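Residue numbers (my numbering), protein chains in the order written: chain A, 1 to 307; chain B, 1 to 396.
Misleading hints may appear alongside valid ones.
Claimed, not checked - No farther apart than 20 Å at their CA atoms in a straight line, the calculated lysine to any residue pairs in the SDA-like style are these: (1) A:Lys74 x B:Ser228; (2) A:Lys138 x B:Arg219; (3) B:Lys17 x A:Tyr287; (4) A:Lys111 x A:Gly136.
Unchecked claim - With the Cβ distance kept under 10 Å, some of the chain B side facing chain A (calculated, not the full set): (5) Arg15; (6) Lys103; (7) Ser217; (8) Val303; (9) Val306.
What the hints assert, rightly or not - Taking CB as the label site, the calculated pair distances span: (10) B:Lys391 x A:Thr54: 18 to 24 Å; (11) A:Met256 x B:Met1: 50 to 56 Å; (12) B:Ser279 x A:Ser114: 26 to 32 Å.
To be clear, the hints were calculated from the coordinates, so they are not data collected in a lab. Quantities reported herein were computed from a predicted structural model and do not represent experimental measurements. Backbone N, C-alpha and C define an ideal beta-carbon position, used for all residues, glycine too.
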Amino acid sequence: MIKITNLLKRYGDKVALNHLSLEIGPGTIFGLLGPNGAGKTTLISILNGLTQYTEGEVSVFGMPLDKNLVAIRKRCALIPQTLAFYENLTVIENLNFFGGIQNIEKAQLKKNISYAVETNRLSSMLHQRASTLSGGQKRRLNIAIGLLNDPDILFFDEPTVGIDPESRNEILETILSFKKANKTVVYTSHYMPEIEKICDEVAIINAGEIIKSGTMEQMLNNASASQVIFEIYETPLETLEMLSAQGSALSVVDSMHLLLDEKSSQAVAKTLDLLENAGIMVKNVRYGTTTLESLFINLTSKGRRDV
Amino acid sequence: MFKAMLIKEFLLVSRDKHALAALFIMPAVFILIMSLALKDVFNEDKALIEYAVVDKDNSLESFSVMKKLRLNKMMHEHNISDDFKRPKEEGVQFIVVIPKGFKNQFSQADANNSALNIEVAADIGQNHLMLFKTQILSAVMQVRLDAINLAQEMQRHRDKNAPKAQKIEFDEKKMMKVHYAALEAGEKPTSTQQSVPSWIVFGLFFVIIPMSTIFISERKQNTLMRLSTMNVTLPVLFGGKIIPYMLINQLQVWVMIAVGMFIVPLFGAAPLTIGGDISALVAISLALSLSAIGLSILIAVSVDSVEQATTIGGIINILLGAIGGVMVPKFVMPDFMREFANVSPMSWGLEGFLDVFLRRGTLSDVLYEVFGLVMFGLVSLLIAAIIFKYKIRRVA
Numbered sequence: 001m002i003k004i005t006n007l008l009k010r011y012g013d014k015v016a017l018n019h020l021s022l023e024i025g026p027g028t029i030f031g032l033l034g035p036n037g038a039g040k041t042t043l044i045s046i047l048n049g050l051t052q053y054t055e056g057e058v059s060v061f062g063m064p065l066d067k068n069l070v071a072i073r074k075r076c077a078l079i080p081q082t083l084a085f086y087e088n089l090t091v092i093e094n095l096n097f098f099g100g101i102q103n104i105e106k107a108q109l110k111k112n113i114s115y116a117v118e119t120n121r122l123s124s125m126l127h128q129r130a131s132t133l134s135g136g137q138k139r140r141l142n143i144a145i146g147l148l149n150d151p152d153i154l155f156f157d158e159p160t161v162g163i164d165p166e167s168r169n170e171i172l173e174t175i176l177s178f179k180k181a182n183k184t185v186v187y188t189s190h191y192m193p194e195i196e197k198i199c200d201e202v203a204i205i206n207a208g209e210i211i212k213s214g215t216m217e218q219m220l221n222n223a224s225a226s227q228v229i230f231e232i233y234e235t236p237l238e239t240l241e242m243l244s245a246q247g248s249a250l251s252v253v254d255s256m257h258l259l260l261d262e263k264s265s266q267a268v269a270k271t272l273d274l275l276e277n278a279g280i281m282v283k284n285v286r287y288g289t290t291t292l293e294s295l296f297i298n299l300t301s302k303g304r305r306d307v
Numbered sequence: 001m002f003k004a005m006l007i008k009e010f011l012l013v014s015r016d017k018h019a020l021a022a023l024f025i026m027p028a029v030f031i032l033i034m035s036l037a038l039k040d041v042f043n044e045d046k047a048l049i050e051y052a053v054v055d056k057d058n059s060l061e062s063f064s065v066m067k068k069l070r071l072n073k074m075m076h077e078h079n080i081s082d083d084f085k086r087p088k089e090e091g092v093q094f095i096v097v098i099p100k101g102f103k104n105q106f107s108q109a110d111a112n113n114s115a116l117n118i119e120v121a122a123d124i125g126q127n128h129l130m131l132f133k134t135q136i137l138s139a140v141m142q143v144r145l146d147a148i149n150l151a152q153e154m155q156r157h158r159d160k161n162a163p164k165a166q167k168i169e170f171d172e173k174k175m176m177k178v179h180y181a182a183l184e185a186g187e188k189p190t191s192t193q194q195s196v197p198s199w200i201v202f203g204l205f206f207v208i209i210p211m212s213t214i215f216i217s218e219r220k221q222n223t224l225m226r227l228s229t230m231n232v233t234l235p236v237l238f239g240g241k242i243i244p245y246m247l248i249n250q251l252q253v254w255v256m257i258a259v260g261m262f263i264v265p266l267f268g269a270a271p272l273t274i275g276g277d278i279s280a281l282v283a284i285s286l287a288l289s290l291s292a293i294g295l296s297i298l299i300a301v302s303v304d305s306v307e308q309a310t311t312i313g314g315i316i317n318i319l320l321g322a323i324g325g326v327m328v329p330k331f332v333m334p335d336f337m338r339e340f341a342n343v344s345p346m347s348w349g350l351e352g353f354l355d356v357f358l359r360r361g362t363l364s365d366v367l368y369e370v371f372g373l374v375m376f377g378l379v380s381l382l383i384a385a386i387i388f389k390y391k392i393r394r395v396a
């Protein structure tokens, strides 16, 4: 659905995207992770035709982006981080405006507005001015506007910034529902648990390059990783801390995870003995990283050290 | 697509209380205040000179001069005692002292010892003093002529064979006839007629504030970026601004004309009348509107914040108004300022409106101003488009 090959973007002498290649399949929720200045926004801007690239090839729906921008835009939607609508208009006036501006046929627009309102639970506030909505409701309106052209691809640029956990969960549920509608979602966020929760595939981008990508399973279970994770049945943290004090390479992640910073079979066997002696039941042992966040920090900090 | 743009812009402006106040209430109040403030400036029946006379001669001649002065509607006489104080303390601008022996100057060649003494308030300018001296001189001359006429008449009575002397008159109305160009005989322009066009021009340019405020908010909130991803092109974006604000400007013009026609007379000032063609009025107001909107969009794309837009927009508005003769009539400006006034589109708009309101102008009379204003608007829009594209490219 989206195919990027050898994409180079320069701002003067500065390289923002360095020969980046990526493929995103249909119906995927794709997470784009990276520290500030990594190139995420540049990539999203290029995919939406807001920024021109220096070299490389980008195709969307099998069509070259630079030659089919208008057609591609009709099937895509960008949901910006800012609340890009009119605060002095009501919810329905905003929806009518952003729908009307896209020349969508009247009956189809009515249907699309209904879908957007229903998906984002806005029906009770249609005639309220946008300025009077809560932070979460405003975010939902921001998303609803992106659904008005019934897009096949949705680009989300940190859509949950600055809202309460309950509203965040509602928005994540909404995004998950797009998968059922076979829509492709490209999602950037700084909240790793969100990415872990909703994304099928992830790419970690740093200094304009993709340093790691794959499915969530591939990202977290990695035989080449230098760490081993022990998944255990829930145990009081005090007990685990005492245990950790006995083995210098063993650290406590939470009441159900321990991390061994060594992957030799002797060290793994020794840790298993330790856990058995302490009466702690082990569910699973795997190579890799406990969370996406630790992987992200590990990879991006390495990147920064290399730089 | 375009219809949605128009509806959105109308809804946003209609809900912006500050914009509505700046666009409609402010100019209407301006018209009311300025029409009333300037009511007497162009009214020749209203006294411009406050004076008092102390008559120490108490002669027929001094009474006659005082009587002539009292008939002059431009002057208003105050009563004061013989031991008068300074003019300001007496509440007048001038005090005329008619000395004892004043009547002698009508019968003797030497008038040195019977000259009138004029006390002038310190804050009176030379023009005002000259005007007063002319009025005094005129009154004295008329009394002298009356005396000559009387003397000749008496001479004829004594000598029945003497030819009848022709009466020498000094009547301004008989000596000169005043006619205002393009107006009917005897018709005079009113203060309302002369001041309302200025405030219409000024009010139209206040569109800068709401327009640039909305535009900058759209840019800051990434709404313009979102519209761009929805395939909204620059001509649609600009067109969606120009048409609603042009209609708003036309509404402003008619609201202000209505204030001049119906509200101003309620406060005692003369009503506004449209002497020229309505087509000329519509043409000049549409052209002026385009130039104001072009300038507004240019400011909106050039500045980076709402605060900058309101400050810079307000300053430019006042400067163009001051240069263009909105605040101070061009006829009181020095020559170089009158030439310089032509750099302001407000000056062209004002001339066009004056053609319609004061000079009974037709469409052909305002074509020159219309052309200039349209060109100004189009060039401003072109520069705005270039700056807008440049800024987008720089961000990208």
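Hints and how they fare:
The straight-line distance between the Cα atoms of lysine 74 of chain A and serine 228 of chain B is roughly 11 Å, inside the 20 Å bound, and the hint therefore holds. With a C-alpha separation of about 18 Å, the suggested pair lysine 138 of chain A and arginine 219 of chain B falls inside the 20 Å cut-off, and the hint holds. About 63 Å separates the Cα atoms of lysine 17 of chain B and tyrosine 287 of chain A, which puts this hinted pair outside 20 Å; it is violated. A hinted pair counts as satisfied when its Cα atoms are at most 20 Å apart, and lysine 111 of chain A with glycine 136 of chain A does not qualify at roughly 24 Å.
Annotation: interface hint on arginine 15 of chain B holds; nearest CB of chain A at approximately 5 Å, less than 10 Å. The restraint placing lysine 103 of chain B at the interface with chain A is violated, with a minimum CB-CB distance near 80 Å, outside the 10 Å limit. With a least beta-carbon distance of about 8 Å to chain A, the hint placing serine 217 of chain B at the interface is held under the 10 Å criterion. For valine 303 of chain B, the suggested interface contact is broken, since its CB lies about 19 Å from the closest CB of chain A, more than 10 Å.
The restraint placing valine 306 of chain B at the interface with chain A is violated, with a minimum CB-CB distance near 13 Å, outside the 10 Å limit. The supplied range of 18 to 24 Å is met by lysine 391 of chain B and threonine 54 of chain A, whose beta-carbon atoms lie about 20 Å from each other. Checked against the hint of 50 to 56 Å, the pair methionine 256 of chain A and methionine 1 of chain B passes, with Cβ atoms roughly 55 Å apart. For the pair serine 279 of chain B and serine 114 of chain A, the supplied restraint of 26 to 32 Å is violated, since their beta-carbon distance comes to about 48 Å.
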